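Using the sequences plus the hints, can you model the full thing?
Protein chains: 2
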Amino acid sequence: MSKHADILITHAHLFTMQGTGVGYISDGAVAVRGDQVVAVGQTEALNGRFQPHTTIDATGHAVLPGLIDAHMHTALSIMRGVAQDVTHWMQSALSPYSRHLTDAGRLAGTRLNVVEGLKAGTTTFADNYPPFPGWGAVYEQIGVRAVLSPGFNALPPGRMADWKVGALYPFDLAAGRQAMAQAVSYAQEWDGAGDGRITTMLGVHGADMMPLELLLEAKEIGQREGWLLHMHTAQGDRETEQIYKRYGKRPIAFLDEIGYLDEQLLAIHLTDATEEEAALVAQRGAKMIVCSGSIGIIDGIVPPAAAFKQAGGPVGLGSDQACGNNCNNIFNEMKLTALFNKIRYSDPTVMPAWEVLRMATIEGAQALGLDDKVGSLAAGKQADLILVDLTEPNLSPILQAPIRNIVPNLVYAGSGHEVKTVLVAGKVLVENGRLLTIDETAVVTAAQEQANLLAQKVAADPTHKNLALMTPMKAGQL
Amino acid sequence: MSKHADILITHAHLFTMQGTGVGYISDGAVAVRGDQVVAVGQTEALNGRFQPHTTIDATGHAVLPGLIDAHMHTALSIMRGVAQDVTHWMQSALSPYSRHLTDAGRLAGTRLNVVEGLKAGTTTFADNYPPFPGWGAVYEQIGVRAVLSPGFNALPPGRMADWKVGALYPFDLAAGRQAMAQAVSYAQEWDGAGDGRITTMLGVHGADMMPLELLLEAKEIGQREGWLLHMHTAQGDRETEQIYKRYGKRPIAFLDEIGYLDEQLLAIHLTDATEEEAALVAQRGAKMIVCSGSIGIIDGIVPPAAAFKQAGGPVGLGSDQACGNNCNNIFNEMKLTALFNKIRYSDPTVMPAWEVLRMATIEGAQALGLDDKVGSLAAGKQADLILVDLTEPNLSPILQAPIRNIVPNLVYAGSGHEVKTVLVAGKVLVENGRLLTIDETAVVTAAQEQANLLAQKVAADPTHKNLALMTPMKAGQL
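Here the protein sequences come in this chain order: E and B.
For what it's worth, the working numbering labels the leading residue of the first sequence as 1, then goes sequentially.
For what it's worth, the working numbering labels the leading residue of the second sequence as 1, then goes sequentially.
Keep in mind that the hints were calculated from the coordinates and are not lab data.
The model shown is predicted, which means the values in this text are computed figures rather than measured ones.
Some hints here could point you the wrong way.
Each pair may be met inside one copy or between any two copies, as identical chains are not told apart.
Unchecked claim - With a cut-off of at most 35 Å between alpha-carbon atoms, the simulated DSBU-like pairs for lysine-lysine come out as follows: (1) 249 to 474; (2) 427 to 457; (3) 420 to 3; (4) 474 to 420.
Rendered as structure tokens:
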């Protein structure tokens, strides 16, 4: 066995996430060669086995697999903070903005979200949006891992702002087929890009957003191409009402009937699924992504992720969009998921810290079908990992025996700013909090410029007067 | 009017928290002389009025009143992360540790918590604990504002670890009177210390923790001295059970009967109060502090703060203790309070961002009886304020019209690391994230040393084998 290692990380509080717990190794080390982990173990043992090119001393740091954000719409992030604390979020707050969003604004938003997530330890971004120029290249350039899920629906183009609460959405099958073809083509083009860091799924917007025939065509294409279907599923009373009006059934029953509940489904949200419905989705072999912060803000609801897990399905975490969350940070999602579920069940033992840390790493990887590559630290896996400074006051002190306090503190006290170093595929992307592959200030400045242009267009559009947030704005509450 | 200002802060997104909203001033400025704000207004106007010694350019920053943490037990913070995800938190997880805590450990913990809070924008710390050597001096030295609430109960000293779930607590009236006398003496000694930055209350541990006669004696002393009674109130089913067994009533009915529900009461938690009980406490003129993170983790409960506010009472935010929260960060408490209440009522419009920002500032000041000094930025108030960098990726972009997004983003996307500069009583305590009045590394190192000593004692005590967290520890989940 070669003694060469490109990077040897030593003296870490190492959480490999191997096995059924967190796979802790005291005074742990990780050897990296090329894009892979070649060994994990105790520092003393690996020091003897490897002659590294670079050694990273992780004393006082936790080392974890990179975090996985399994559902995002990064293209929306220059609208951060314009849609929360309202009812009918999409109609009353979001769409009067999003109708004016340009591709340049989307691109600036994607860059901003990736920078935000990467600084907070996210290494895998499952990004779901209709394709736009430059989208995949952001991920290729910055060097993180991405699961691009180009999306489509059959709603008449540019008409989302016209959706009325309670009215059945109009469908345009021809436009839907065209949008699907573009999504398919984009997914084919980008699958395997970035030296394999970028993989793809098909982003089926939702069962309420297209006619049955398009749903079935998408299913067939996904099977042919080997893609999961990344789909908002039972995503709220709005969807339930649409499906019930159209098919006389609740969404999960409808999806079961048309053969959508199987291993190919990445079910996003399940906001309006009962525990029984969530368990059925899990039993059929589908995966779930819970977006606690987003659904908490938008709906005031805690989705049935605990029931899904109990039924045996993997659950990953997602940060959704910045206009209604309002951040893209998996530390935030871990904490909220643990706390919301304790509250849902009035039981402090529900969703302990280690469970949500697994959801943010290995279980998220399982949900995305990437657990052969990422989600845990083991020889042969991709070297996606983060160093978290445990000497930050909010994560101190470190206790090891009789009770180790690191995982609870990461989940309940961590915020992401404690992430100092990030590797993806063996490459250092963040060093001591500084981004190495993209200019952070330029990204923020560009996002601000695009946001200013967008705000000007919204202000010039008389429909902005109907925005629900105009009321608190006028009352001096914003 | 003198044109001199010691400090002029210019070009801020200024949130004065004056009036009934957030009191926003675009391109705002704050003039500081000595320990006071002497003017707030637009930069152009104040530039003409003042010749400052120092100018702080706040371009790209929000400027807010310093945040108020209205209920803490900083002495416990070297036990961060040893007590969560369990039932019967105090008996099964906390007390096997806390019985071995020394005064040196408490002091190191207080320093750690103040550093943690200050870095995240907390300027007023309402700290509740039986007095120990050096406690008040930490606040005096670091220069923040404190409301010391020396605490006492009538439980036999050193026996908290013996509390059994379901058994009536034993009382030792003589020991209780002695502990109260020490608390009174400490409160007298420290009232007005630190050039008036330190004020005091009397920390009545809880109605279940002492006999009726001691409760009544404490009430009388508080009246005589002009102190609020900082008291855990209806703090859970444990307290309800004790009070019911002893007096045949629920806690709020009991407290009403003995005359405790009035303007003198700072009611902490109200975990087990119904909405009607919370409304009664508010109507009687008492104030409430809600500790969302702590009660969420420890009990899986959302206290009835919304009902208390609706009944007209002020509600402040508190971070409680690091062993069961696990952090002391008011950004965290704002977010959790807003989200938990949306979930409690399944309504995304409950507790909008501006409301929790008021709870963290002016309403917290009202609850503590400090609103003549702090909680908003206005001429004549103390110059306690923070600069928050809005160009951090997670707070970007800044939108101003037609909808201003800053307050929602501070609440839902902020984590505290964006706080760059902190002033208390006109003195700069934090500059560009660096603490000026205490050595952060030394504080963290000392806390770690004390934590190590504590852990050794716990490990040597055979009762640690009963710790609820030994089970996940052995299962590799910690």
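Verification of the hints:
In this assembly of identical chains, residue 249 and residue 474 lie within 35 Å of each other by CA distance neither inside one copy nor across copies; the values are 42 Å within and 47 Å between. Taking the closest pair of Cα atoms, residue 427 and residue 457 never come within 35 Å of each other, the shortest separation being 41 Å inside a single copy and 43 Å across copies. When the C-alpha separation of residue 420 and residue 3 is checked against a cutoff of 35 Å, the pair qualifies only within one copy, where the shortest distance is 27 Å, while the shortest distance between copies is 45 Å. For a Cα distance limit of 35 Å, the shortest separation of residue 474 from residue 420 across copies, 30 Å, qualifies, whereas the shortest one inside one copy, 41 Å, does not.
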